[in-house]
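Asks: So the sequences go chain by chain: A and B. Numbering-wise, the first sequence is residues 1 to 93 according to my numbering. Numbering-wise, the second sequence is residues 1 to 481 according to my numbering.
Be aware that one or more of the hints could be misleading.
[What the hints assert, rightly or not] Listed below are the simulated SDA-like cross-link pairs for lysine to any residue, each with C-alpha atoms no more than 20 Å apart in a straight line:
#, chain 1, residue 1, chain 2, residue 2
1, B, LYS80, A, HIS9
2, B, LYS89, A, ALA79
3, B, LYS220, B, VAL249
4, B, LYS89, A, GLY88
5, B, LYS220, B, GLU11
6, B, LYS80, A, LEU16
7, B, LYS131, A, ALA82
8, B, LYS394, B, GLU405
9, B, LYS89, A, ARG15
10, B, LYS216, B, THR264
11, B, LYS89, A, PRO90
Hints are computed from structural coordinates only; laboratory data are not their basis.
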Amino acid sequence: MIDDETVRHVARLARLRLSPDEEQVMREELSGILEHIDAIRAMDLDGVPPTTHVITLENVVRPDVPVSGLTRDEALREAAHATDEGFGVPRMD
Amino acid sequence: MSAYEPVIGVEIHVQLSTRTKMFCGCELSFGDPPNTHTCPVCLAHPGVLPVVNEEAVRRALLIGLALGCEIAPRSIFHRKNYFYPDLPKAYQISQFDIPICGRGEFRALREDGSELLVGITRAHLEEDAAKLTHAGGRRAGAAESVVDFNRGGTPLVEIVTEPDLRSPSDVALFLRQLRQTLLFLGVSDCSMEEGSMRADANVSIRPVGSHEYGTKTELKNMNSFRFLERGIEAEIARQEEIVGAGGRVSQETVHYEPDTGHITSLRSKEESHDYRYFPEPDLVPIAPDPAWVEELRAGLPELPLPLRRRMVGEMGLSAEDAEVLTEGPELVVYFLEAAALADPKACANWIRGELRAQLREAGVEPWQSKVTPAHVAALVGLLDAGTVTVPAAKEVMAEVIVSGEDPADVVESKGLGAMDEGDLAAVVAEIVAANPDQAQQLRDGKNKVIGFFVGQTMKRTGGRADPQSVQRLVREAVRGD
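Generate coordinates for the entire structure from the input sequences, incorporating the hints supplied.
Replies: Structural data, given as structure tokens:
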């Protein structure tokens with residue numbers, strides 16, 4: 001079981017504000033995931049190469065040719081907050 | 001002599017000048033209206049999938065090959081997780097433990113002819129973040145910044161060096177020559193001002209003779225080599241002061257204010273480097289065909305350092321000539337074409353000197369002008385043969401700049417050919433006779449007066465007289481009086 005401080009650290013990284021109840025739920029769920037990893041760790045995996053992908057495809061690429069995308073109006077339509085030209089976000093400087 | 005030795009490594013971000021972004025087909029742009037080059041992929045709409053731009057891979061390989069890097073037979077992408085409004089996915093697709101280009105090295109040439117060897121740790125592919133602007137002040141109610149996603153997703157190659165640099169001036173030298181190499185490869189515009197090349201420096205100090213590393217700070221995002229050099233100087237001074245007073249340098253990101261010369265801390269939160277890298281499941285590995293890699297290696301252009309050596313060693317140019325002329329690929333090609341037709345040193349002098357000076361006003365570079373490399377060579381040939389004097393040659397060049405005519409034709413049509421000695425002696429004799437006071441002053445040892453006679457003669461001959469011959473003839477004429 002991971003400790004509360006670890007849960008709060010991960011929440012901070014994800015910019016999430018959790019209530020004490022939510023922290024408890026997260027603690028249990030995250031611990032469950034880690035226990036699953038522990039189960040894999042407990043196996044004898046000598047000689048098994050690390051696997052980053054489950055498919056054997058390589059070099060899936062596209063040519064460097066422009067494809068038209070969204071107009072600015074389309075791009076900004078779904079924004080929670082937009083200015084005339086861009087996506088508005090809380091002041092960052 | 002300081003008791004401390006600086007230890008510096010750099011990270012360079014280079015925007016590749018491909019047509020489209022790293023993982024989607026949106027066109028790259030600089031200066032277009034905000035948010036006019038976006039799509040669901042680079043805006044990170046749910047359910048979209050990135051696809052690698054093959055040209056970006058090719059350019060990353062070119063960079064790796066030019067830096068002598070080991071090319072990974074199979075590299076993978078990772079997600080680098082962090083939250084910031086310029087990163088819509090909340091992760092940047094980058095490379096982590098298996099970059100496309102591994103260890104290499106770069107050799108730079110110092111002015112004194114010594115070599116600076118810089119180890120390259122890696123060069124990897126990633127995507128650029130979007131651009132945040134804070135202009136426009138505070139709008140009604142909410143204080144805000146505005147995000148422009150045109151830049152978001154631009155292909156980047158990040159080049160990381162070993163901590164091999166020992167002085168701010170070496171850092172600037174290395175970066176300038178690395179930039180030249182990248183320009184020769186044609187992979188990027190490498191404009192520090194426009195941000196298509198950006199450099200961060202990791203700076204630490206240690207007692208001279210020590211082999212341990214001190215705690216390093218990261219000097220962020222300087223937009224010119226000079227500011228970076230000054231910033232590193234200021235940071236070294238700051239660290240020396242701290243350590244000299246018995247303190248400890250703390251690991252942090254710092255910023256240099258070019259206006260004040262001050263270093264400020266961007267004290268970041270402790271977890272900011274907790275990027276939780278993990279393999280990008282949406283992209284499969286890049287495994288470049290070895291035959292392709294060899295083809296790219298064979299097709300590399302002649303790079304600045306070997307070229308500079310050849311210019312100094314075989315063509316008789318000064319180290320400074322070589323440095324100036326290898327500034328960019330266009331100028332080099334221009335010079336080499338001229339140098340193949342006439343004395344290389346003379347061509348170098350004319351291109352660097354008179355030609356660029358005359359073109360500067362119009363804001364045109366030699367290769368963009370009507371003056372071809374063959375014209376430069378022809379002019380050098382005319383000078384060599386004594387057909388024109390230096391002042392006349394400058395006039396010929398001015399004419400070629402305007403008309404694009406052959407220099408020999410200009411000499412002919414404008415009557416700019418050098419005067420023969422007899423005609424010139426007659427002109428000089430006339431001028432000396434017409435100015436007896438000045439002639440007497442010269443006889444009395446007032447040598448400055450010679451300039452008056454040279455000036456008069458040049459005026460009368462329209463620059464078709466060789467100034468040195470004029471000086472000699474004036475002295476002869478004055479003595480003979």
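Asks: Which hint numbers does the structure go against, in order from smallest to largest?
Replies: No hint contradicted; all consistent.
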